[in-house]
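Just need the whole structure built from these sequences, with the hints factored in.
Taken in order, these protein sequences are the chains called A and B. The numbering used here puts the first sequence at residues 1 to 112. The numbering used here puts the second sequence at residues 113 to 226.
Just so you know, the hints here were simulated from the structure itself, not pulled from any lab data. Among the hints, erroneous ones may be present.
Here are the simulated SDA-like pairs of lysine to any residue, each with C-alpha atoms no more than 25 angstroms apart in a straight line [said to hold, decoys possible]:
| hint | chain 1 | residue 1 | chain 2 | residue 2 |
| --- | --- | --- | --- | --- |
| 1 | A | K104 | B | G170 |
| 2 | A | K3 | B | E166 |
| 3 | A | K104 | B | R222 |
| 4 | A | K104 | B | F172 |
| 5 | A | K71 | B | T214 |
| 6 | A | K104 | B | L200 |
| 7 | A | K104 | B | T224 |
| 8 | A | K17 | A | A99 |
| 9 | A | K104 | B | F176 |
These numbers come from a predicted model, not from an experiment.
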Amino acid sequence: SQKIEQNSEALNIQEGKTATLTCNYTNYSPAYLQWYRQDPGRGPVFLLLIRENEKEKRKERLKVTFDTTLKQSLFHITASQPADSATYLCALANQAGTALIFGKGTTLSVSS
Amino acid sequence: ETGVTQSPTHLIKTRGQQVTLRCSSQSGHNTVSWYQQALGQGPQFIFQYYREEENGRGNFPPRFSGLQFPNYSSELNVNALELDDSALYLCASSPTGGRLDTQYFGPGTRLTVL
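Written as structure tokens, this is what we have:
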């Protein structure tokens, strides 16, 4: 069955360091992969989308890589700040883009 | 520009009852999708609506149904409520004609089934 795993439930890092979050999937050939941020009690907020034919995408301090051979995406936040503390979710789309599967999320805590 | 809104914010129902949740999409967005998020879990895709028709569905039973209206707003209906239906129900809209690219989520409706 299709499975998506975010490799750690919680990640604690110090301010200024780079946070790296991992998303692995099996039995799936996604057209694209997305990353969202979710704060407690709120809906997810879209961050980045990377397509199957793209290797890397950047937006300000965020970087996403997508390796369809390894079936893995890495999400990096450089120069992390306490305000980056949140749960980060990855989501895969089917080939038609009409359905999404989300991972459980990784909760990032950045301490000052 | 108004974002995605959902009503009600909270709802308490008893097992066996029926519930309707509502969602107003962001202006100009023609695709609406619904998700169920249990505590500590990621959102689970229920279905999406485009052009007033269901255009994709996750692994949810038929007692979960929906509607999309000409103004792109949407309803999620759940019949014969079960205790496990207790969750945060999220609605998201996107402007991408049936594809779930960039999605804009509402704040959710917290449903408690007793």
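Checklist entry - Which numbered hints turn out to be false for this structure? => result 8
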